[in-house]
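Peer 1: The listed protein sequences derive, respectively, from chains A and B. In terms of our numbering, the first sequence opens at residue 52 and continues consecutively. In terms of our numbering, the second sequence opens at residue 168 and continues consecutively.
Hints may contain errors.
[Unchecked claim] Here are the simulated BS3-like pairs of lysine-lysine, each with C-alpha atoms no more than 30 Å apart in a straight line:
# : chain 1 : residue 1 : chain 2 : residue 2
1 : B       : 275       : A       : 181
2 : B       : 275       : A       : 174
3 : A       : 177       : B       : 275
Just so you know, these hints were derived from the structure itself, not from any lab. Bear in mind the structure is a predicted one, so any value in this text is a computation, not a measurement.
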Amino acid sequence: MLRTGLLGYGGGPSVIPLIRHEAVNRYGWMQDDEFGEILALANALPGPIATKMAAYLGYRLKGVSGAVVAVLAHILPTSVAMVALLGFLYALRHSKVVGGMIAAVRPVIVVMLGLMAYEFAVKAGKGLGKGPALFFGALALLLLAAVDVHPAVVVLLALVYGSVHLRVAARIRERRNRGGLGRGGSESEAGGGHGTDGRGEGSGK
Amino acid sequence: MKWWHLFWGFFIANLLGYGGGPSSIPLMQEEIVHHYHWLTNGQFGDVLAVGNALPGPIATKIAAFVGYEIGQWPGFVIALAATVVPSAVGLIACMRLLDRYRQSSAVKGMTLLVQPVIAVMMVLLTWEMGWESIQAIGWLQSLGIAAVALWALTRRNIHPALVIVAAFVYGGVVLSHWV
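If we strip away everything but chain A, and leave its shape as in the complex, we get (with noise of 0.2 Å):
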């Protein structure tokens, strides 16, 4: 847990083929499938992904204290090290040299966060299709921006939406699917789709 915890770079979600290797083929832990079960339940709970992998292979092999000991081993290296570069940074930070470089790294950060936001984007419209996906992305869009709620409760209501969109949505292509028989119809009940998704997320508020 130590290695995967210093090798992984770029954030948890790339940790996770690492603490697969060391799981699975190099100490034979468990099984590949079984790796992959966890993985999936793990995603269906909110947090960092690699800190609960980390605790609940660390619980099945020694219980609470193997839990404990492989969050611990997962974190905390770089933890400190995170404490130690920036300070050592923040004291240095009225010399030019080092003015100078955290001017230049900035830039770096706005492209990283972009492209991160490009990958969610992407992501977005896979799982959902290009069309929801701009749809929702521009509500967020304007409950963030124009209308300035507070980001908690905009992910809040895109959690309780979630909950019942496949329900919402399937509900939809039945209905499209009804109304397909009519070619001057579908256009119509596809119309009256989005307005069943607008209400969808009413009620979630």
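Place chain B on chain A using the hints.
Peer 2: Okay, now just chain B, sitting in the frame of chain A:
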């Protein structure tokens, strides 16, 4: 009160960060910068920079540093615990219960619906940070560095940590004469 805020801020941000650490970043930024004013946007950017240059999960690294800034080592422990413990305990405790709901359309729908929202929050965060960078070092430098970084990350597939280190070096050598 300070301790409670630390715990609550990180607890909420990670509880709602559905789909792993990176999706919590905009939520953490909201709590850290806008809500509790622990850091400025610029400082939050520095934390992301160093955090991305170091290996390991990003959410816990952010929590560790902010916790330490606010309340030294007790703060460090509280912020980390708030980030890690609830979901870890949740997974262990609910393993059997979750098994029943994994196939449910409700869970799948929640995972799907949160993605466009996170994407939009990321875009807004990108915009905020970009604007600050432009104000600090001007259009020319900001866009130039951003363009090179984009090229290195997407076209050349250079490792993010290396790109960050390169930016640090460039800043130390060139930008220190500029700002």
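Peer 1: Does each hint hold? Answer for all of them.
Peer 2: Comparing the hints with the structure gives:
1. Straight-line distance between C-alpha atoms of residue 275 of chain B and residue 181 of chain A comes to about 17 Å, which keeps the hinted pair within the 30 Å bound.
2. Using a Cα cut-off of 30 Å, the hinted pair residue 275 of chain B and residue 174 of chain A holds, with the two alpha carbons roughly 14 Å apart.
3. Of the pairs offered as hints, the one joining residue 177 of chain A and residue 275 of chain B holds, with about 13 Å between alpha carbons and a cut-off of 30 Å not exceeded.
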